[in-house]
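Novice: Top line first, the protein sequences correspond to chains A and B. Sequence positions in the first sequence follow my numbering and run 1 to 318. Sequence positions in the second sequence follow my numbering and run 1001 to 1196.
Warning: the hint list may mix true and false statements.
[Unchecked claim] Residues on chain B that point at chain A, a partial pick, calculated with CB under 7 angstroms:
1. 1013
2. 1017
3. 1038
4. 1041
5. 1048
6. 1075
7. 1159
8. 1162
9. 1166
In case anyone wonders, no lab produced these hints; they're calculated from the structure. Positions of the beta carbon are idealized from the N, C-alpha and C atoms, including for glycine.
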Amino acid sequence: MKVGVGLWCLQSTATAPRAWTQAYAELLDDARLTEDVGLHSLWLSEHHGYYDGYCPALLPAAAAALAATDTLQVGTGVLLLPLHDTERVRTAAAHLNGRFNDRFHLGMGMGYRPTEFAQRGLDIRGRVKRMVAGLDTLAADRPGPMWVGVTSEPAARRAGRRGLGLMISGAFSKQVVDDLIAAHRDAWTAAGSPGHTTPPVGLLRNVWVADSAAERRQALDWVRSSYLVYAGLGWGADDTGVDFRAAIAESMDEVEASAIVGSADEVADTLAGYDVDLVVCRIGYDEPLTSAVREVIERLGRDVAPALADAGRTGTVL
Amino acid sequence: MRLGLDLRGHGIDDVVEIAAEADQLGIWAVLVTGPAGAETSVAAEIAVVTRHVHLVVQLDPRSAHPQALAEEVAILDHLSERRAIAVIDGDAATTDRVRRLLAAEIVDGAVIAPPPAQTAVLTWQAGELTVVDLGDDVAVAKQRVDELRDRGVTHGFGVWPGSTAVFARHLATRARTPDFPDLVADYADTIAPLEP
Chain A
1 MKVGVGLWCL QSTATAPRAW TQAYAELLDD ARLTEDVGLH SLWLSEHHGY
51 YDGYCPALLP AAAAALAATD TLQVGTGVLL LPLHDTERVR TAAAHLNGRF
101 NDRFHLGMGM GYRPTEFAQR GLDIRGRVKR MVAGLDTLAA DRPGPMWVGV
151 TSEPAARRAG RRGLGLMISG AFSKQVVDDL IAAHRDAWTA AGSPGHTTPP
201 VGLLRNVWVA DSAAERRQAL DWVRSSYLVY AGLGWGADDT GVDFRAAIAE
251 SMDEVEASAI VGSADEVADT LAGYDVDLVV CRIGYDEPLT SAVREVIERL
301 GRDVAPALAD AGRTGTVL
Chain B
1001 MRLGLDLRGH GIDDVVEIAA EADQLGIWAV LVTGPAGAET SVAAEIAVVT
1051 RHVHLVVQLD PRSAHPQALA EEVAILDHLS ERRAIAVIDG DAATTDRVRR
1101 LLAAEIVDGA VIAPPPAQTA VLTWQAGELT VVDLGDDVAV AKQRVDELRD
1151 RGVTHGFGVW PGSTAVFARH LATRARTPDF PDLVADYADT IAPLEP
């Protein structure tokens, strides 16, 4: 399996305020480092109109990261397709892949915040219809590598039926991950194997490489507090099935339990148990110093990725 | 008058190369665009290889929400460290909405976050741009620049097929003030000849 890093959200949060211009400059430095240490990819993430400036325009950010590197793959994890005009997304993806040697990966999701749809003049109740129509258009044209971010089996089947890659988000148990992979594969097979090449499977996981007990505890605290970002985003959403405000402590426990924190060997051993082509190590937490993030990027490239070269799935071209 | 280069008619490879030259030569701005949806991706690539030149990006608003356009420009402004200028190739109302969003105003319930790095981003309607075809003869180009300058134009863009260095030495210079002494540019060609 390949190893990438994510999610670069380019925020300035209440916990860790900073200049956004600094965040975007650091994105380019981080991309160069990620490439230098031999990792597969760097992934960006999107939201709109949130106080911390969570990146709302992934395509120019991806263009800059691609321009700053030579071989690194850069992906959107995920671009909220129903909020965009599909044709503009298709055109931009084709441009980036034409310009940068097929190094741009278009990961797509539906979005869940009603305010983001309302600000675009859209009704969130139409998001599935818009998502399906957009995926159909893009799957027919295939402007480069494409992934669908999923949290449910219907969404996994949606990706599989169209021969699109599967990107499994965050904090699921291994059993849920395996079920999503099976749903994706079964749907692809049942649809007659569209695209003719087995669509890849990616897994996003909260990860940190740390040796001492104190460092591990610190990393787990960062993972827990990072949930605050998503709780804040979710408070405005009333149809996710999650009461973010009431469930903060419980959700933080779940996120911590699913995090993979340990020595390089321990991280590699755990990740090796997943039947995926790509793991995106989520290290873009709110609190760590830039130097700490960069040290983990180096350790993932130097110690973890080589140990996973023959693990999981290895036949899919990414 | 500030005189920039209109690169909208060039292929993407040339655009990036000329923009990098313009950056090195102190040219105020380059005017660029791209396929609808990829305009700011083109400009973002240029932002990475330049440090000083302003990036004037022309956007097609026909299939994009004004918030989406303003968000893209805001991110370009951060990537370029305050060098973004927007041109909206649409009607006045759409241009005004993008302009107000980029000034951090809440417009029809929409807001952009992050706001741009600049306090506000210059946002022009495409029809407001002053663009002049300078031809391919320096003597003719000089006359056309002088005409623009003497009309009181403050910001203009030239379509120039010649070398960027010639543009910087002979055209951008004379645009700045009404009393440009031709002697200095002509003599510069003697003491620091430009590559053919």
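Novice: Each of the hints needs a verdict: does it hold here or not?
Specialist: Hint check results:
no.: 1; hint: 1013; in the structure: violated (9 angstroms)
no.: 2; hint: 1017; in the structure: violated (13 angstroms)
no.: 3; hint: 1038; in the structure: holds (4 angstroms)
no.: 4; hint: 1041; in the structure: holds (4 angstroms)
no.: 5; hint: 1048; in the structure: holds (4 angstroms)
no.: 6; hint: 1075; in the structure: holds (4 angstroms)
no.: 7; hint: 1159; in the structure: violated (23 angstroms)
no.: 8; hint: 1162; in the structure: violated (26 angstroms)
no.: 9; hint: 1166; in the structure: violated (27 angstroms)
Checked against the numbered hints given earlier, the structure breaks hints 1, 2, 7, 8 and 9 and satisfies all the rest.
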